[in-house]
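S.K.: Sequence:
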Amino acid sequence: MSCNKIITDGYYTIGFADEKASYADLVTEYDRKVEEFLKSEILAVHPDHKIIAEEGYSGSAVLTQEPTWIIDPIDGTSNFVSR
Numbered sequence: 001m002s003c004n005k006i007i008t009d010g011y012y013t014i015g016f017a018d019e020k021a022s023y024a025d026l027v028t029e030y031d032r033k034v035e036e037f038l039k040s041e042i043l044a045v046h047p048d049h050k051i052i053a054e055e056g057y058s059g060s061a062v063l064t065q066e067p068t069w070i071i072d073p074i075d076g077t078s079n080f081v082s083r
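Anchor point for the sequence shown: position 28 equals 28 in the numbering used here, and the numbering is continuous, going up by one each time.
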């Protein structure tokens with residue numbers, strides 16, 4: 001599995017998006033799948049690194065001196081949905 005495969009599958013089958021904070025702030029199941037895939041791949045190699053991910057962000061993350069990854073799984077979800 002790869003991010004490319006997840007996104008390509010989603011591009012041809014997407015039919016539903018949830019609103020987050022507003023009608024213009026969308027999230028799809030493919031955003032979530034890519035985010036989970038990236039998190040698992042990063043943590044498999046760097047188990048001590050921190051991850052701040054857009055779709056799972058609760059507002060409680062604290063930036064420290066620890067290595068930190070910031071993930072935006074599909075930048076431009078509204079364009080992805082409306083293709």
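Check each hint, because a few of them may be wrong.
Stated by the list, open to error - Result set (SDA-like, lysine to any residue): computed pairs, CA atoms no more than 20 angstroms apart in a straight line: (1) K39 / H49; (2) K39 / E29; (3) K33 / Y12; (4) K5 / K50; (5) K33 / K50; (6) K33 / I52; (7) K50 / L38; (8) K39 / S2; (9) K33 / V45; (10) K33 / A44; (11) K39 / T68; (12) K33 / D72; (13) K33 / E54; (14) K50 / E66.
Hints listed in this document are in silico derivations from the structure and should not be mistaken for laboratory results.
S.K.: If you test the structure against every hint from before, which numbers come out violated?
M.R.: 4
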